[in-house]
Amino acid sequence: MDFILIQFLTGLANASALFLIASGLTVIFGVTRIVNFAHGSFYMLGAYLTWTITRALWDWSGREPALFIAGILLAALAVGAIGALIEIVLLRRIYRAPELFQLLATFGVVLMIQDIALAVWGPEDLPLPRPPWLRRFVEIAGSRFPQYDLILIFVGPAVLALLWFLFQRTRFGVLVRAATQDREMVAALGVDQRVLFTGVFFLGSTLAGLGGAIVLPSQSAFLQMDLAIIAEAFVVVVVGGLGSVPGAFLAALLIAQVQAFGIVLVPKATLVLVFLVMAIVLMIRPYGLLGRPQAHARAATGAVEPVIRPAPAILGWAGAAALLVAAAAPFFAGPYMVTVLVELAVFVLFAASLHFMMGPGGIVSFGHAAYFGLGAYGAALGLRYLAVPMEAGIVLAPLLAGAFGLVFGWFAVRLSGVYLAMLTLAFAQIVWAAAFQWVEFTGGDNGILGVWPSEWAREKGAYLWLALALCIGATLLLRRIIYAPFGYALRATRDSELRAEAIGLNAVRIRLGAFVIAALGAGLAGGVYAYAKGSVFPTYISIPKSIDALLMVLLGGVQTVSGPVVGALAFHTLFLTVLQAFTWWRFILGFAIVLLVLAFPQGIAGFVRQRWERARGLEAA
Amino acid sequence: MSVTVLEAHGLSKRFGGVHAVNDVSLWVHAGEMLALIGPNGAGKSTCFNLLNGQLRADAGEVRLLGQPLTGLPPRAIWRLGVGRTFQITATFASMTVRENIQCALLSHHGRIWTFWRAARRQFVAESDALLAQVGMLEQADRPCGVLAYGDLKRVELAMALANEPKLLLMDEPTAGMAPSERIALMELTRSLVRARGLACLFTEHDMDVVFGHADRIIVMNRGALIAEGDAASVRGNPAVREVYLGSGETSGGH
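Line order of the protein sequences matches chains P and F.
Be aware that the first sequence starts at 2, since it is given in this note's numbering, and climbs by one per residue.
Be aware that the second sequence starts at 486, since it is given in this note's numbering, and climbs by one per residue.
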């Protein structure tokens with residue numbers, strides 16, 4: 002009994018911090034419709050700034066409780082100011098961009114802040130010693146419970162009450178609620194949206210900063226805080242219902258309790274458990290506990306996807322020439338170059354498979370790395386437990402990924418937009434967590450080593466030919482499907498589901514088909530990658546890996562068939578040549594993403610096609 | 486007497502306390518143009534959506550050539566031979582006009598789940614024949630996303646004809662079109678209905694279109710049918726006049 006009470010109280014304490022972060026995220030989303038990846042970075046900055054400010058205050062005048070609280074509040078307000086600044090400088094320019102580009106831009110900010118934090122605070126974890134008045138314990142049911150956690154329990158409800166007051170009793174709050182329901186209407190009524198949006202960003206970022214500040218005394222400030230918390234915050238926001246603050250509160254309680262009890266009952270599966278809860282909630286209530294179906298942001302972009310015409314012959318010749326040069330590489334290039342070419346072939350297929358569902362299908366996945374990783378693990382686990390040779394492993398890889406694609410896709414394709422993206426992210430995190438935590442089966446963080454090709458393909462040149470044949474062959478097949486009736490049907494469901502159903506198409510089943518095909522492709526890429534590297538690790542399934550795929554597709558241009566190929570080549574080459582040469586490569590990459598979103602939204606191939614069509618007087622829709 | 490293609494009996498639909506459609510029965514013969522008219526909020530669109538499967542009726546049944554349609558999803562109803570055009574046009578904007586028709590033809594011939602042969606090489610002659618019928622052949626290679634509204638309506642009509650339907654359901658076919666275009670589209674529809682022996686049910690706000698092109702007219706008000714007959718009899722019907730013009734007796738009531 003006592004154990005249950007203590008775990009319950011711990012859960013309540015953790016819920017507070019989780020609620021602060023999630024409420025900020027949900028308020029920002031409700032009004033601006035931006036899913037802010039950088040919210041985790043604001044949380045991290047909150048912790049770091051509290052560390053700096055509180056210690057400065059202590060140096061100045063002893064360890065008074067008032068100074069500690071002042072330090073926390075100052076740090077939160079500073080984070081709020083940083084958030085407002087980012088809104089003014091960057092996000093204000095992309096409110097009309099497609100959701101995906103906004104997400105990517107905020108991810109660019111994540112990368113930049115990571116390097117800034119590294120430069121300012123260094124790589125070590127920074128703990129903040131608790132002042133003596135916070136170190137006490139209270140006796141509860143015979144156990145010692147930290148007094149600080151007891152205080153934290155009340156922070157969440159207090160902030161909820163404050164937010165309630167703000168939203169119900171102030172003009173700003175009324176405007177925020179109105180804009181959450183219908184921001185066009187609020188604009189039509191003459192409200193200055195810019196001030197409102199900046200204000201909302203200030204509020205949301207302050208809450209994130211406060212969340213980071215209050216967890217600092219129980220943990221330390223460290224560099225991976227941002228992505229660790231953002232996945233959890235997304236879960237809370239989505240479970241609660243996007244845009245709903247009370248929903249975020251309920252969801253924070255739920256998730257924190259699941260974590261508190263999960264860590265005792267099923268210590269190996271806490272991460273899986275959280276995402277499982279989310280998946281179950283979304284299946285029963287597709288818009289979260291207290292969420293409502295999104296009112297469509299009217300004429301958000303007005304952009305129409307362009308017509309896909311047959312590729313000009315010159316493109317085919319250029320592709321064939323490039324392939325020929327790549328295949329001849331073992332005769333004139335060194336082993337490093339050959340290794341790089343194998344990687345390029347793998348990433349071309351990885352990007353093309355994501356593009357297949359994202360471009361023609363309009364199904365934006367934030368967890369495509371799951372299928373890449375499942376392919377890699379399929380090959381590795383097959384070797385470890387069934388001793389299957391490479392030839393069978395290469396078949397097993399896409400099959401395992403495809404099977405999971407069928408299961409996850411069955412749930413995912415019923416949703417759309419942000420909920421779909423978040424559910425795919427959640428599924429990817431489940432797979433990642435399984436690979437990471439289930440050490441006995443998957444080797445955990447150490448991965449699985451010794452995944453080598455069969456004798457005949459062990460020589461680098463031979464493996465390159467195998468990789469080219471499989472990856473480029475599969476990519477060409479995907480391309481073929483886009484031009485085949487199935488590809489047209491897929492685009493039909495994206496363009497107008499109403500009309501698609503009215504000509505007899507089963508939109509859900511077609512989207513599921515595309516999901517599975519994309520998973521098969523990514524799985525094959527993962528399998529080929531596993532044998533090329535000789536090992537598999539959970540990082541193959543991580544969020545950054547999924548983002549890599551998105552970047553490749555967007556860099557190349559999501560609305561062209563050749564885009565993912567160009568994007569994968571450009572991204573990986575850029576990564577190997579430019580980025581690896583710089584210490585601060587994350588900052589540069591983040592900056593490049595932001596620039597890409599601002600200046601080059603149609604991608605490289607999209608840009609070239611636009612010029613091509615214009616020069617030939619072709620009508621582009 | 487020609488065949489009865491569409492039959493509906495006792496259709497009813499409630500939205501909370503509102504009886505949007507109340508015990509409506511109607512039928513359409515082959516080769517007949519039936520207009521469904523009524524003031525705003527009369528329940529026309531709801532009635533329409535009960536027929537095409539977009540909404541599920543609380544009571545009543547719909548039959549196509551004797552076969553029950555009640556409870557089927559729109560795609561199944563299409564497969565049984567019902568072509569539709571929408572009040573606000575819905576076409577595939579990222580495809581050319583011809584590709585839109587090809588999509589409908591591919592679906593009709595069960596070729597959607599094929600992954601090899603290029604779609605644009607299939608059913609070219611058939612789609613061009615359909616486009617020629619609606620006068621859109623010259624624009625076959627233009628993207629639907631850039632077409633004028635009246636042209637989109639004609640593309641929709643061609644798509645609706647792609648599965649050799651027995652029944653055409655057209656929700657405000659001429660809304661948003663210029664007057665001359667309206668006449669042209671309805672003349673075209675009428676000749677297709679006659680030539681192919683289709684049954685056609687349409688809703689319409691433009692009374693010139695209704696009285697000029699419908700063989701028969703049914704009138705709805707507040708969810709119920711209040712009149713039925715040819716143009717002259719509906720025009721002279723006092724109940725219809727009251728609904729459209731108001732008599733002063735009922736308008737003050739509530």
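Please note that the accuracy of each hint is not assured.
[Stated by the list, open to error] So the derived list for chain P, only partly shown, Cβ under 10 Å to chain F, looks like this:
#, residue
1, 119
2, 120
3, 121
4, 124
5, 125
6, 127
7, 128
8, 484
9, 496
10, 518
[Claimed, not checked] Part of the chain F face toward chain P, derived, beta carbon under 8 Å:
#, residue
11, 512
12, 557
13, 563
14, 566
15, 584
16, 602
17, 604
18, 634
19, 677
20, 679
21, 680
22, 681
Honestly, the hints are just simulated from the structure, not real lab data.
Cβ atoms here follow ideal geometry from the backbone N, Cα and C, with glycine treated the same way.
Hint by hint, here is what the structure shows:
The beta carbon of residue 119(P) is not positioned within 10 Å of any beta carbon in chain F (closest approach about 43 Å), and the interface hint is therefore violated. The beta carbon of residue 120(P) comes no nearer than 45 Å to any beta carbon in chain F, farther than 10 Å, and the hint placing it at the interface is violated. Because the beta carbon of residue 121(P) sits about 47 Å from the nearest beta carbon in chain F, more than 10 Å, this interface hint is broken. Interface restraint check: residue 124(P) against chain F, minimum CB-CB distance 48 Å, threshold 10 Å, status violated.
Interface restraint check for residue 125(P): the shortest CB-CB distance to chain F comes to about 52 Å, outside 10 Å, so the restraint is violated. Hint status for residue 127(P): violated, given a least beta-carbon distance of 51 Å to chain F, over 10 Å. For residue 128(P), the shortest C-beta to C-beta distance to chain F is roughly 55 Å, which exceeds 10 Å, and the interface hint is violated. For residue 484(P), the interface hint holds, the least distance from its beta-carbon to any beta-carbon of chain F being 5 Å, beneath 10 Å.
Checking residue 496(P) against chain F by beta carbon gives a least distance of about 4 Å; that is within 10 Å, so the hint holds. Annotation: interface hint on residue 518(P) holds; nearest CB of chain F at approximately 9 Å, less than 10 Å. The beta carbon of residue 512(F) comes no nearer than 23 Å to any beta carbon in chain P, farther than 8 Å, and the hint placing it at the interface is violated. Hint status for residue 557(F) relative to chain P: violated, with the closest Cβ pair at about 12 Å, above 8 Å.
Given the 8 Å rule on beta carbons, the hint for residue 563(F) holds: about 4 Å separates it from the nearest Cβ of chain P. For residue 566(F), the interface hint is violated, since its Cβ never comes within 8 Å of a Cβ in chain P; the closest pair sits about 11 Å apart. Because the smallest distance between the Cβ of residue 584(F) and any Cβ of chain P comes to about 7 Å, under 8 Å, the interface hint for this residue holds. For residue 602(F), the interface hint holds, the least distance from its beta-carbon to any beta-carbon of chain P being 6 Å, beneath 8 Å.
This hint holds: residue 604(F) has a C-beta 4 Å from the nearest C-beta of chain P, less than the 8 Å allowed. The interface hint given for residue 634(F) is broken, as the beta carbon of that residue sits about 15 Å from the closest beta carbon of chain P, more than 8 Å. Taking 8 Å as the C-beta contact cut-off toward chain P, the hint placing residue 677(F) at the interface is violated, the least distance being around 18 Å. At a threshold of 8 Å, the smallest CB-CB gap from residue 679(F) to chain P is about 24 Å, leaving the interface hint violated.
For residue 680(F), the shortest C-beta to C-beta distance to chain P is roughly 22 Å, which exceeds 8 Å, and the interface hint is violated. Of the supplied interface hints, the one on residue 681(F) is violated, with its beta-carbon coming no nearer than about 18 Å to a beta-carbon of chain P, more than 8 Å.
Going down the numbered hints, you'll see the structure goes against 1, 2, 3, 4, 5, 6, 7, 11, 12, 14, 18, 19, 20, 21 and 22, while the others check out.
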